[in-house]
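J.: Take a look at the letters that make up each chain.
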Amino acid sequence: MIWYQKEIILSRRRGFHLITDEVLRNCPEIKKISAGIMHLFLKHTSASLSLNENASPDVRRDLETHFNRAVPENASYEHDLEGPDDMPAHIKSSILGTSLSIPISGGKLSLGTWQGIYLCEHRNYGGNRKIIVTVMGMEED
Amino acid sequence: MIWYQKEIILSRRRGFHLITDEVLRNCPEIKKISAGIMHLFLKHTSASLSLNENASPDVRRDLETHFNRAVPENASYEHDLEGPDDMPAHIKSSILGTSLSIPISGGKLSLGTWQGIYLCEHRNYGGNRKIIVTVMGMEED
Amino acid sequence: MIWYQKEIILSRRRGFHLITDEVLRNCPEIKKISAGIMHLFLKHTSASLSLNENASPDVRRDLETHFNRAVPENASYEHDLEGPDDMPAHIKSSILGTSLSIPISGGKLSLGTWQGIYLCEHRNYGGNRKIIVTVMGMEED
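Protein chains in written order, with my numbering: chain E, 5 to 145; chain Y, 5 to 145; chain Z, 5 to 145.
Hints may contain errors.
If chains are identical, the list can't say which one is meant, so a pair holds when it fits in one copy or spans any two.
In silico BS3-like cross-links for lysine-lysine, where the CA-CA straight-line distance does not exceed 27 Å [stated by the list, open to error]:
#1 Lys10 - Lys35
#2 Lys10 - Lys134
#3 Lys47 - Lys134
#4 Lys47 - Lys112
#5 Lys134 - Lys36
#6 Lys47 - Lys35
#7 Lys112 - Lys10
#8 Lys134 - Lys112
#9 Lys10 - Lys47
Since the hints were derived computationally from the structure, they do not count as laboratory data.
Use the sequences and the hints to build the structure in full.
T.: Printed below as a string of structure tokens:
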């Protein structure tokens with residue numbers, strides 16, 4: 005049984021962004037695991053992590069458009085000290101979630117052909133975002 | 005400590021479907037575990053996994069109706085190559101999520117009385133859906 | 005490797021509520037773990053667990069307001085035997101989810117500065133809610 009934990013820091017402009025390659029580059033330990041789980045945890049309340057299509061950039065733009073319409077900035081929130089993107093970002097973060105658990109099989113993430121890891125930045129100026137990666141599993145023989 | 009991992013394949017028509025029995029039938033290993041976690045991971049971006057009411061079929065129909073209204077097919081998506089159900093399916097998949105972690109206690113899934121595992125098929129013709137089941141935990145004495 | 009599992013019972017009025025302190029008070033075992041995961045699982049289909057802002061109560065009120073607007077009580081649901089808050093509660097539960105996985109590092113939950121654990125009660129009279137806490141990880145030297 006292996007446990008491995010580290011923090012990675014990413015910064016993206018507002019929108020939905022593919023981060024699979026950066027996550028993998030930071031986690032070479034996955035190669036040692038025959039069966040296990042990679043857990044990603046975003047330490048913030050105004051951004052989120054999700055899994056979705058890894059090919060067409062238009063999927064990521066449509067996601068941004070959908071969530072801006074579904075969680076409008078002009079909805080008279082009580083919590084508005086940091087501007088109109090503040091409270092919608094909190095709501096989107098709870099809808100999409102801030103953690104992912106992905107199986108590891110035979111030294112690789114067991115993602116589907118079309119699945120990619122997304123960092124979803126809901127603030128106009130979100131700055132650095134910390135992600136705790138926890139890898140657990142059985143060691144390869 | 006036990007780790008167990010397998011793939012199961014399910015196919016359902018569009019809508020929300022109870023799959024608890026099929027998941028359990030494929031995972032007899034749970035019986036050996038005194039305390040642990042069963043992790044389910046759907047390898048797709050246009051369907052999802054969720055937990056909800058296991059009794060009334062009308063709950064599953066109302067969920068389908070709600071998500072069709074909240075994520076409409078006629079919203080002028082950029083990503084529409086595969087038809088009007090394509091992009092809404094991606095959005096629903098990110099809202100509902102594609103993985104579940106359920107505790108195992110005393111050789112059984114520790115679901116609440118009314119909780120069932122759902123496969124939510126968001127495409128009109130989704131075809132086969134692969135689910136990776138990872139079971140981890142302490143072995144019963 | 006440590007596995008620890010227990011049930012905690014909480015009761016809250018309708019709305020979004022911070023429960024971080026109560027969860028921690030019930031899980032002193034976290035202190036023994038150098039790297040691991042705390043998994044929380046709500047055994048219900050009309051409430052949910054989420055992570056969001058731990059400071060301003062107005063964030064929690066705005067979340068309640070948003071989800072009441074996004075999942076209206078007067079939407080002609082088939083499933084309405086238990087009143088107008090019944091089916092919306094099921095929908096909110098699937099959107100927000102009923103489980104959380106939070107990393108443990110150096111004997112502490114690795115939450116971000118502003119992150120708190122929420123119990124989201126979607127029924128008018130939800131009563132007691134059972135949460136299974138599963139703690140797993142490597143023991144401190």
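J.: Please work out whether the CA atoms of Lys10 and Lys35 approach to 27 Å or closer within one copy, between two copies, in both situations, or in neither?
T.: Classified as both; 16 Å inside a copy, 19 Å across copies.
J.: Should Lys134 paired with Lys112 be assigned to within, between, both, or neither, using CA atoms and 27 Å as the limit?
T.: both (23 Å within a copy, 17 Å between copies)
J.: Check Lys134 against Lys36 for me: Cα-Cα at most 27 Å, and say if that holds within a copy, between copies, both or neither.
T.: both (24 Å within a copy, 24 Å between copies)
J.: State whether the alpha carbon distance between Lys10 and Lys47 is at most 27 Å within one copy, between copies, both, or neither.
T.: both (13 Å within a copy, 25 Å between copies)
J.: Can you give me the call for Lys47 and Lys134, within, between, both or neither, at a CA distance of at most 27 Å?
T.: both (6 Å within a copy, 26 Å between copies)
J.: Can you give me the call for Lys47 and Lys112, within, between, both or neither, at a CA distance of at most 27 Å?
T.: The answer is both: 25 Å in one copy and 14 Å across copies each meet 27 Å.
J.: Have a look at Lys47 and Lys35 and pick one of within, between, both or neither, based on CA distance no larger than 27 Å.
T.: both (26 Å within a copy, 20 Å between copies)
J.: Is it within, between, both, or neither for Lys112 and Lys10, if the alpha carbons may be no more than 27 Å apart?
T.: Classified as both: same-chain Cα gap 18 Å, cross-chain 15 Å, threshold 27 Å.
J.: Between copies, within a copy, both or neither: which fits Lys10 and Lys134 at Cα up to 27 Å?
T.: The answer is within: 10 Å in one copy meets 27 Å, while 30 Å across copies does not.
Every hint from the earlier list agrees with this structure, and none is contradicted.
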